[in-house]
Amino acid sequence: MNIQNSEPPPVNGNFVRRGTFLAIPLCFPGVSKPVPLEESRISKVCLSPDSTAIYSFSRGPGARMFQTLPLADYGYTAGIRLPSGVTEVLAAAVLKGQEWDHVVFSAVIAGQTRLFHTREILMGTGIQEWHTVSSPVREFALDRPHGLLDFVASRDGNTFASIDSKELLLFSLEKKSFVLSHTISLPSCGAYPRFFPTQDGIFLLRNDGRLLRFNLSETQSFSEVEALDFPFPISSVATAFASRSDIVFCSNNGETIVFDSVSGRYREMSTIPLLPVRGVAQTLDGRIFASAGEEICHLFEISHKEKHPWAKDLGVPASTLSTRRYGLQLTEVLCGNNGELYFCEDDRGGHLWVYFPAISSCHEMTGASFHNDSKS
Amino acid sequence: MHQTTESTDSKPEWSYLEFSEQPLSDSCWSVQTGPDGRVYIAACTEHTGGETATVLRYNEKNQSLESLFELDKVTGDLRDSGRATQCKIHYSFVPDPEKGFLHAATHLSGPPAGEEHYNPWASWSDPTRAFRGSYLISYDTGSDSVVESRLMIPKEGCRCLAFDGERRILYAITYPRDHFVSFRLADGCLTDYGRIGSVNSQCIFLDHKQRAYFFDDRGILLRFDPEDRMLRELPHVYPHADYQTPWHGVIYDAVEAGGSGAVYMVPWKSPPFLARFWPMEGAEGRMESLGMLTQERDATEICSVNLDHVGGLIWGADDRLYFVKSEWTGPCQGGRTSLKTISKLVSFDPSTNRFSEHGCLHSAVGQNHYVSRGAMTSGGEFLFGKILTSPAGVYRVRLPGHPPQTTPKQYLRMWG
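Chains as they are written, first to last, in the working numbering: chain S, 1 to 376; chain W, 1001 to 1416.
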């Protein structure tokens, strides 16, 4: 465990008391049996375009896909087994379809990365009566030995892009299936294998620290963004997150920076004192939260006041409403439309964790985050 | 189902032995019969920062306690290190008849000096205060010396311990992460089989194939098979009240019925039900509920899991199960500190399915409802660990007509 001295860990720390964590079980509590402990290590999560459904994927033998509908009168999770041999999902995206949402994901089978798609699990409401209908998982015939490392969907749901080590790949929807329509070579220096979709376009981080921007509806070329050089080596990016106009990057050393896609400049934030940083996300009001720590994680809130940096240790995640459980291995995180954060729990017996930040933090919003709001 | 219990005329002769040489001790979590037939006891200090636990032995001849060693001195993790302390042995004494050793794994919860509480989750990454880990201490009962002390589980405590003497492998549940691990004595190899949940099972028991059993927080019975080294869920849920979910159905204590293979269990759950498990029957064993053990109460009140309690399971030389259950007067809420409580020694005769009470256990100070573990000396006396007072102590009980032990197999229990 590497701990920096910028802010020491708590002397007499505690569980998270600021904001509320809920651990959502990967089943319909009281109706269906929880999946085996070994098949519930959640390592990947993505949201439906309207943010009402959360898709999560477990890794290991017996990997599964789960769909959680936390809102309205649903409140349960349905799951399907992934094709035999799948041990991990590397990337996933949900595309809005006319009848139902499509889920595309790349997964590892016997060391090879392969591309699959299925559709949402149709779920009936969850109080008086319920039902589920799932569709089979189908594989794209696609020879990409280096794997597809991330996905991003167009707003109309008819197109999505993926990326491997050499090319950007564009897929379009034809007859309820997807076909590869274009490939675009990446710049010779390569790119960090993540898309950063913002309201100002989709960004790629080039290995030389420059950002590239493209738009899925225009698509045919990249435009280089006039941005300051990236402040630490791209190889040391631990995790990142794109919100409406910001992209948050955390380094292996816990350094946190925010790229403002409107102004085109970086803001250096505080350093997270506990390593490794497992996941970072920014809420719609600009607040930044991160999960960090190797064996037992802590939740941190990072100030977005550039001139007054701090990283506040909010404590160890624990859930008592709904499930009673300690959240020791919270990793990747996404932000829902209601300002809630969804965390993967990559642990035996893992749950989907949702965090509702404390509303009292709003008084700490900076001009930068109000600026974000004004753009929407 | 609530059991009817009879009173018996065979009142025990009993006394309370206080840990007078450990005045800061506040609990006794482990009482275990060693390979020499004598009973070993942990005098634990978890509520005073910067202290440590002492291992004691009961002298049956003069009914006294002798101090053997202090955990911090034999581990080298000294009480004033500034870290969470080696403050107790928590259900983690196991006998090693082949070597004549008693193995003891240390546990945490005592804060560093000057502090009142220790949160092991939040302090996990604290570079100066975090617990160093559970040490395994091997004590030679023949030469009366510690022959080895080594770090067994880094950064975590050992909640409970079991010993497969054939393979010379220990099994443990870690705290706070709640992982199931094995530790090979020959080379010190620690294998982590992963997280179980959030609530520690308080006991691991073994069957005649040396398979290890415990429950997770969902109340599901898990079995580890040393042949294929797989951990499996079995289709058994710990018995509980109709109005409850199976949650927190982890076992508190378990004892084998005199080599028969049947294992009697009580849970760390209120109200506690007695269960009997036959691990060798069929592929997955057979579970029976023998009913609720403690008093009827208003189930709309929230009762502390540590007030409505059963512990100290012993299989007697008369082929009866003995245990100690709590009893209190009035509503159970607020019971941890304000209620006057007692413990009752009860036996269960499997030949008649009848329960019998053998009188009360109570010391002069503190509450008396919580007995942790029990053990039987080779002479047939019972000892029960007491918490909730400082200094802590043990109850010594001699039942009229209860015979002494004859063979080690009758009194050795291979789990804590």
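Everything labelled a hint here was simulated from the structure, so no lab data went into it. Remember, predicted model here, so these are calculated numbers, not experimental data. Ideal Cβ placement from N, Cα and C applies to all residues, glycine included. Heads up, some of the hints might be wrong.
From chain W, some residues computed to sit far from chain S (all C-beta separations above 10 Å) [as the list claims (entries may be wrong)]:
hint: 1; residue: Ala1122
hint: 2; residue: Gly1197
hint: 3; residue: Gln1295
hint: 4; residue: Gln1405
What follows is a set of in silico ranges between Cβ atoms, one per label pair, in the way DEER data are often shown [unchecked claim]:
hint: 5; chain 1: S; residue 1: Thr125; chain 2: W; residue 2: Gly1259; range: 38 to 48 Å
hint: 6; chain 1: S; residue 1: Leu180; chain 2: W; residue 2: Gly1194; range: 36 to 46 Å
hint: 7; chain 1: W; residue 1: Ala1186; chain 2: S; residue 2: Glu295; range: 20 to 30 Å
hint: 8; chain 1: S; residue 1: Ile184; chain 2: W; residue 2: Cys1189; range: 44 to 54 Å
hint: 9; chain 1: S; residue 1: Lys33; chain 2: W; residue 2: Gly1082; range: 42 to 52 Å
hint: 10; chain 1: W; residue 1: Pro1331; chain 2: S; residue 2: Gly97; range: 30 to 40 Å
Under 8 Å between C-beta atoms, here's a sample of chain W residues computed to sit facing chain S [claimed, not checked]:
hint: 11; residue: Asn1059
hint: 12; residue: Trp1121
hint: 13; residue: Trp1124
hint: 14; residue: Ser1125
hint: 15; residue: Arg1177
hint: 16; residue: Thr1191
hint: 17; residue: Asp1192
hint: 18; residue: Gly1194
hint: 19; residue: Arg1195
hint: 20; residue: His1236
> When the hints from earlier in the document are held up against this structure, which numbers fail?
Replying inline: Of the numbered hints, 1, 2, 5, 10, 11, 16, 17 and 20 do not hold.
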